[in-house]
Amino acid sequence: MSFIYLSKHEEKILDGEHGEAKRLAMEILVKLGDINKADRLIEIDAAHISGISYKNIGDAGLEFLMDLKNLGAKFSILATTNPSGVDRFNILGVDEHFYKKQMLILNVLKQMGAKITCTCTPYYIGNLPYRRHVAFAESSATIFVNSVLGAYTNRESSISSIAAAIIGKTPLYGLHKEENRKPKIRVIVEDKLKGYEYYLLGYYIGKELGEIPIIENVYPNVDELKYLSAGLSVSSINIFHVYNLTLESKNYDIEDLEKIKLDRKTLDDTVLMFKSNDYEAICLGCPHLSMMEIKRYLRMKFKNEVLLFTNYSFYKLFKEDVRCENIKLIPDTCMVVSPLKYKTIATNSTKACFYLNLQGYKTHLINI
Amino acid sequence: MIRIKAIPIVKGDVLGELLISKKPISFLYGIDINTGRIVDKENELYGEIVTDKILYIPHSKGSSVGCYWIYKLKKSKKSPSCILVKKPDEIVVTGCIIAKIPLFIVNDIPIKYNRRRAEVYASKRCIIIRDR
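Protein chains in written order, with the working numbering: chain A, 18 to 385; chain B, 38 to 169.
Chain A on its own, in the form it takes in the complex:
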């Protein structure tokens, strides 16, 4: 029983006439389309694929990707990748077994045609889908491109982003349709927020309100919009609007929406969830650091060991500027997807805290 309209060509793919890899990819897209009452597939410009780290997907994930490649899987559009479990130089010092397995994963994806970017902020380095339909996995990037760039994407899973990248299409539902992007709640912020407080704002809205927000009385810069996206990413919200700032914020009549007032005190209560008193290292770059952030952190003095995570291009630009022995600039990976040797970690990112806590690390949220 299928609701979705398929062209002759798409039907042939579904019948396996173009090989097993395309058939499986099409089956996944059609199933997602059916469930979500999509009436057809639409072409997309690009995909961003998550589930790259060996730590997260393990041997099971590696086998799955190898099987898929052996079935003939090839990406038909630009497909960038999320961070890997280790940087290419092994600055992190992971064991040889882990490093080898990680390189196998990257290699399989490369053979399928992925651009091995190893970053969760692909919009810094060329996958910049302004006003375009795309299929992005990686929750914080999904939210950022929808909200800030006016892109159209659902929060794809690792697998559905791969399926979409193979076919070059995605079912038309969810945030690909204007009517599903409307704000449902007005969040009026009563204090002037700055820097890492945008992580707290996103985390609070995601956890306590759970609806697409239009946020008023805030003036975030691009880094802060990224923090807001990361804060929201541990919820199931995939877009936000900032009144008078984000692209679509003026499209909606918000007069009749429910209003929620928020002050700094309420947000600070969130911090209490992530308090451990001491920490071995400070990890920054969840999501990956921008050029402005790297410049700022490289000018600061720290007592502890500091790991700064970013993409390979920014690493190359700034690696000569690292002057303190206790600061390491690391490309390709991050604190969440790599096997860190520290047990207690300080960071400014609520997203990193959330996933590190689940993995049994102690985390300390700091304003930095």
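No lab work stands behind these hints, which were simulated from the structure alone. From the three backbone atoms N, C-alpha and C, an ideal C-beta is built for every residue, glycine too. Take the hints with a grain of salt, since some may be wrong.
Said to hold, decoys possible - Going by beta-carbon spacing under 8 Å, a handful of chain A positions derived as facing chain B: (1) Ile52; (2) Gly68; (3) Phe81; (4) Asn294.
Claimed, not checked - Covered stretches of chain B, as calculated for chain A (at least 3 residues, CB under 8 Å): (5) 65 to 79; (6) 124 to 132.
Claimed, not checked - Here are the simulated lysine-lysine pairs, DSSO-like style, with alpha carbons at most 30 Å apart: (7) B:Lys161 - B:Lys111; (8) A:Lys201 - A:Lys211; (9) A:Lys199 - B:Lys60; (10) B:Lys78 - A:Lys54; (11) A:Lys118 - B:Lys115.
Following the hints, put chain B in place on chain A, whose structure we already have.
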């Protein structure tokens, strides 16, 4: 006996104990791969084991890598025998497709049926919970 409508996404017939969560769950690191235990402290089933249970959640939350986590749970033989969701999202759907775990859309299951034995049938498009 009570019958609840269940629309199959990944087909299969399953017998087992119901585990009902009213809150969404993050599959990535939210369930321990080696034990099948729920370790997401934000979920009310924290500490429970999902292995071979019929797990009901409204939907998933968090990381897009969750689909691989479902696949890994299956490979380590610690997965639920069946997943029921109110709102099927990309993570649960694709995870269950590649892991071949039966997945159904169910509008709601009253919490009073938590831990009761249930039968889930793709062909009959329903869940049956018999009187004790």
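Taking the hints in turn, this is what the structure says about them:
Taken as an interface hint, A:Ile52 checks out: its beta carbon lies about 5 Å from the nearest beta carbon of chain B, inside 8 Å. Look at A:Gly68: its Cβ gets to within about 4 Å of chain B, closer than 8 Å, so that hint holds up. The closest approach between the C-beta of A:Phe81 and any C-beta of chain B is roughly 6 Å, which is under the 8 Å cut-off, so the hint is satisfied. With 8 Å as the threshold, the beta carbon of A:Asn294 stays out of range of chain B, its nearest partner Cβ sitting at about 19 Å, so the hint is violated.
Residue count for the segment 65 to 79 of chain B with a Cβ under 8 Å from a Cβ of chain A: 8. That meets the three needed, and the coverage hint holds. Proximity of the segment 124 to 132 of chain B to chain A, defined as three or more residues with a beta carbon under 8 Å from a beta carbon of that chain, is established by the 7 residues found. Between B:Lys161 and B:Lys111, the direct Cα distance comes to roughly 25 Å. Compliance with the 30 Å bound is thereby established for this hinted pair. With a C-alpha separation of about 25 Å, the suggested pair A:Lys201 and A:Lys211 falls inside the 30 Å cut-off, and the hint holds.
Straight-line distance between C-alpha atoms of A:Lys199 and B:Lys60 comes to about 24 Å, which keeps the hinted pair within the 30 Å bound. For the suggested pair B:Lys78 and A:Lys54, the alpha carbons sit about 33 Å apart, so the restraint of at most 30 Å is broken. For the given pair, A:Lys118 sits about 23 Å from B:Lys115 by alpha-carbon distance, which is consistent with the 30 Å threshold.
Hint violations for this structure: numbers 4 and 10, all remaining hints satisfied.
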